[in-house]
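**Student:** Sequence:
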Amino acid sequence: QKYALYRGVKPLRIDHFNMFSSDVDASVNFYNDMGFRVTEYTEDSETGRLWAAWMHRKGGVHDIAFTNGIGPRLHHSAFWVPTPLNIIDLLDLMSTTGYVANIERGPGRHGISNAFFLYVRDPDGHRIEIYCSDYQTVDPDLEPIKWDLTDPQRQTLWGAAAPKSWFEEGSLFDGATPVDPVLKAQPIIAP
20 QKYALYRGVK PLRIDHFNMF SSDVDASVNF YNDMGFRVTE YTEDSETGRL WAAWMHRKGG
80 VHDIAFTNGI GPRLHHSAFW VPTPLNIIDL LDLMSTTGYV ANIERGPGRH GISNAFFLYV
140 RDPDGHRIEI YCSDYQTVDP DLEPIKWDLT DPQRQTLWGA AAPKSWFEEG SLFDGATPVD
200 PVLKAQPIIA P
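Just remember that my numbering sits 19 ahead of the position in the sequence shown, which is counted from 1.
Derived by calculation from the structure, the hints in this document are not laboratory data. From a predicted model like this one, the values you see are computed outputs, not experimental measurements. The hints are all genuine.
Label-pair ranges, simulated between beta-carbon atoms:
1. Ala195 to Asp160: 35 to 45 Å
2. Asp193 to Asp167: 32 to 42 Å
3. Pro142 to Ile164: 29 to 39 Å
Below, in silico cross-link-like pairs of lysine-lysine (DSS-like), each with a Cα-Cα straight-line distance of 27 Å or less:
4. Lys77 to Lys165
5. Lys203 to Lys183
6. Lys29 to Lys77
7. Lys203 to Lys165
8. Lys183 to Lys165
Backbone N, C-alpha and C fix where the C-beta goes; we use that ideal spot for every residue, glycine too.
Turn these sequences into a full structure, and let the hints guide you.
**Tutor:** Listed below in structure tokens is the structure:
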């Protein structure tokens, strides 16, 4: 096999960003005021506070998402590809060119967004998602989908569960001092 002859994953656009937020409710309120709408969310059943939220402006599942954690930090940036085969091609390429250790999570399918995904770390340690097959949200009457924080299918419909690094590691923003989250709820973490 000479997969190395094929260069890269061929992303068509930057799709979304996911940020660690120390106060997801405050982040969602701010972006609601900017015209973004919640598509899907999880909340802590004890406090009713948001643990995570996916927000859109363009008509996809999300343009920006917020996840409870020490923040502000970048959880990941995502590139959109047309089909799962693009992701499989990237996996073949990574496995034959010395980058298999850069795969952090996936391939798999998210419950939230129903997207097919692969997460990799670039040489600087930033998390990048390669993403496809989510759904459109062009109906203005679309009600946000609520997920239970303890439902493992919200993060992984199928595929391996998220590793501990998924909930703890993020990229810092220059000039921003991360603070502890106001919500102490814990998601399901892979053993």
